[in-house]
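A.B. asks: Protein chains in written order, with the working numbering: chain A, 4 to 267; chain B, 14 to 297.
It is worth saying that the hints were derived from the structure and are not from the lab.
Glycine residues also receive a C-beta, built at the ideal position from the N, C-alpha and C atoms.
Treat each hint with caution, since some may be false.
With a straight-line cut-off of 25 Å between C-alpha atoms, the simulated SDA-like cross-links for lysine to any residue are [as the list claims (entries may be wrong)]:
| no. | chain 1 | residue 1 | chain 2 | residue 2 |
| --- | --- | --- | --- | --- |
| 1 | A | 38 | B | 154 |
| 2 | A | 38 | B | 92 |
| 3 | B | 130 | A | 16 |
| 4 | B | 130 | A | 24 |
| 5 | A | 56 | B | 153 |
| 6 | B | 92 | A | 122 |
| 7 | B | 130 | A | 47 |
| 8 | B | 130 | A | 56 |
| 9 | B | 130 | A | 23 |
| 10 | B | 130 | A | 10 |
| 11 | A | 38 | B | 156 |
| 12 | B | 130 | A | 14 |
| 13 | B | 130 | A | 208 |
| 14 | B | 130 | A | 17 |
| 15 | A | 56 | A | 208 |
| 16 | B | 130 | A | 21 |
| 17 | B | 130 | A | 236 |
| 18 | B | 130 | A | 239 |
| 19 | B | 130 | A | 11 |
| 20 | B | 130 | A | 110 |
| 21 | B | 92 | A | 110 |
| 22 | B | 130 | A | 6 |
| 23 | B | 130 | A | 19 |
| 24 | B | 130 | A | 243 |
| 25 | B | 130 | A | 157 |
According to the in silico footprint, chain A covers these stretches of chain B (three or more CB under 8 Å from chain A) [what the hints assert, rightly or not]:
| no. | region |
| --- | --- |
| 26 | 48-54 |
| 27 | 126-135 |
| 28 | 143-152 |
| 29 | 269-278 |
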Amino acid sequence: MTAASLAERAREVSYPVGAALVALAVWEAGVRLFKVPRFILPLPTSIVTEGLKRSASITPHFWITSYEATVGLVAAILVAIPLGLLFSYSTFLRRSFYPLLVFIDEVPKIAFAPILITWFGFGLEPKMILTFIVCFFPIFLNSMAGFSAIEEEFINLGRSAGAREWEMFWKIRIHSAMPNVFVGLKMAAASAMTGAVVAEFLAADQGLGLFLQRALSELNMALGFATIVTMWVIGLAFFYGMTLIESWAIRWHVSKRGGRTEIL
Amino acid sequence: MKQRDPEAAEKAADVSGQVARTGLVRTLGQLGLPFLQPVLAFLLLLALWQLIVTIFGVPQYLFPGPIEVIERGIRAAPKIWANYTTTLRSAVLGYLLAVVVAVPGSLIIAYSAFAEKSLFPGLVLLHITPKVTLAPIIIAWLGFGVLPKVVVTALLCFMPIMLNGILGFRSIDPEIVYLSQSCGARPWEMFWKVRLPNALPTLFTGLKHAASLALVGAVIAEFIGGNHGLGYYLVTVMDNMQTDLGLAIMAAMTTIGLAFFFGIQIIEGLAIPWHVSKRRREGR
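Assemble the whole structure, with the sequences as input and the hints as a guide.
C.D. replies: As structure tokens, this is what we get:
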């Protein structure tokens, strides 16, 4: 990177960072100036200090929630991608069940939370299963689309180059499905944490959702906000982790695409 | 391989087109005659479910059969309906609040280069952050009435509308702008006849995405701090292990989601018929 482009980039970044700093400063000044009670809106600085002070008690809950979200997401990936592949091969399955699955996708998945808690108790399982349900549909629907929509020219090309059946599968079908699969994976990664936390809100003996509820019931808003920031860190880590995997797994596609607006 | 015959290839392409949120309508429309097959598959699944529950004697409080769910749902219909209207109202009000704030907001940001440079990256980041986490705080602030549900719903719906609005208002072909300027279009004409119609398809993408989140927002808020509404009702019912009633409530929730989905679809068809019909032709 040349010095000029580095300066350009720095200028580009300075705008959003400046806006965020101004917003935080206004918040801090507003709360101090208008003497907003701290149990309603805490100071940004006290969110940081409270979060650091209590970091030892937040950390175990952080790991629990991350663990639930990871297990749910990984399970969804392991089930949804093969199922998408299966559906892409079978017209019969697609005709019979695809409309039904699209319909089920309209069911508010988080509404399974109370039912799962009744079935599986207060432990980690209902959170993992809810995460699984939340993550399953975007991955499944997008991988099926990816595996199904292959440009015919690629198939013809592979055939005339004498590709064997497994080569066709491995080098063409998988390859050309990947961008679509990753669309689903990123959507799922962005919502994995939500699944775990919503279940924790309802009934839990550990996890950030429970910790947040406790902090709020003690009217410790600063700790509450610090917990929410911790949750956001997990959510963003999941999403950007998946983006990182994507840019490694399908370099050819990501570099071609270039933009950052894909998340929409 | 199957993809060689053109019909199968076309079918594959169709499937890819369906994945977007618009999938349901198009699937139903496209299926036409083969509509029977998914219905049969569905009925078969229900029959299988009932059969398993009956044969293995699964306790009803754990996993009721579809017949029990329907029976229970019909018996509890008045109570479900009372909660249904509460949830529907929160979802609709929250959604409208998000639209009323996000559309003008996206206009301001799209028109001001400074605002866009400063705020857009932050908005993208906020879009990815799980906003559901704010629900307990909102409820702590606003109590147990309708307002916190409306606010949580609006919070979830806000970002997709805002970001797609910005993208829509921003991305316009400069040639169209030059053309209308040389035709002597006044600023308000530019907006009304050029920018707005140009932005609407993208804006509707956001509106549809948000529509799928409205119900989720209302239900989560009712889970956490409700005294009425389907989310609250579901939690209390499940606390009493009435799974049959719980599943009936979930079915009722789904109809709200579907109503939102089809509602926006219809409004889109009325607002931008030129785009919807074009998309349909291209999708074929």
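A.B. asks: For each hint, tell me whether it holds in the structure or not.
C.D. replies: Evaluated hints:
{"no.": "1", "hint": "A:38 to B:154", "in the structure": "holds, 16 Å"}
{"no.": "2", "hint": "A:38 to B:92", "in the structure": "violated, 45 Å"}
{"no.": "3", "hint": "B:130 to A:16", "in the structure": "holds, 9 Å"}
{"no.": "4", "hint": "B:130 to A:24", "in the structure": "holds, 14 Å"}
{"no.": "5", "hint": "A:56 to B:153", "in the structure": "holds, 23 Å"}
{"no.": "6", "hint": "B:92 to A:122", "in the structure": "holds, 24 Å"}
{"no.": "7", "hint": "B:130 to A:47", "in the structure": "holds, 24 Å"}
{"no.": "8", "hint": "B:130 to A:56", "in the structure": "violated, 35 Å"}
{"no.": "9", "hint": "B:130 to A:23", "in the structure": "holds, 12 Å"}
{"no.": "10", "hint": "B:130 to A:10", "in the structure": "holds, 16 Å"}
{"no.": "11", "hint": "A:38 to B:156", "in the structure": "holds, 21 Å"}
{"no.": "12", "hint": "B:130 to A:14", "in the structure": "holds, 10 Å"}
{"no.": "13", "hint": "B:130 to A:208", "in the structure": "violated, 44 Å"}
{"no.": "14", "hint": "B:130 to A:17", "in the structure": "holds, 9 Å"}
{"no.": "15", "hint": "A:56 to A:208", "in the structure": "holds, 22 Å"}
{"no.": "16", "hint": "B:130 to A:21", "in the structure": "holds, 10 Å"}
{"no.": "17", "hint": "B:130 to A:236", "in the structure": "holds, 24 Å"}
{"no.": "18", "hint": "B:130 to A:239", "in the structure": "holds, 21 Å"}
{"no.": "19", "hint": "B:130 to A:11", "in the structure": "holds, 13 Å"}
{"no.": "20", "hint": "B:130 to A:110", "in the structure": "violated, 38 Å"}
{"no.": "21", "hint": "B:92 to A:110", "in the structure": "holds, 20 Å"}
{"no.": "22", "hint": "B:130 to A:6", "in the structure": "holds, 21 Å"}
{"no.": "23", "hint": "B:130 to A:19", "in the structure": "holds, 7 Å"}
{"no.": "24", "hint": "B:130 to A:243", "in the structure": "holds, 22 Å"}
{"no.": "25", "hint": "B:130 to A:157", "in the structure": "violated, 41 Å"}
{"no.": "26", "hint": "48-54", "in the structure": "holds (count 4)"}
{"no.": "27", "hint": "126-135", "in the structure": "holds (count 7)"}
{"no.": "28", "hint": "143-152", "in the structure": "holds (count 7)"}
{"no.": "29", "hint": "269-278", "in the structure": "holds (count 3)"}
Of the hints listed earlier, those the structure fails to meet are numbers 2, 8, 13, 20 and 25, in rising order.
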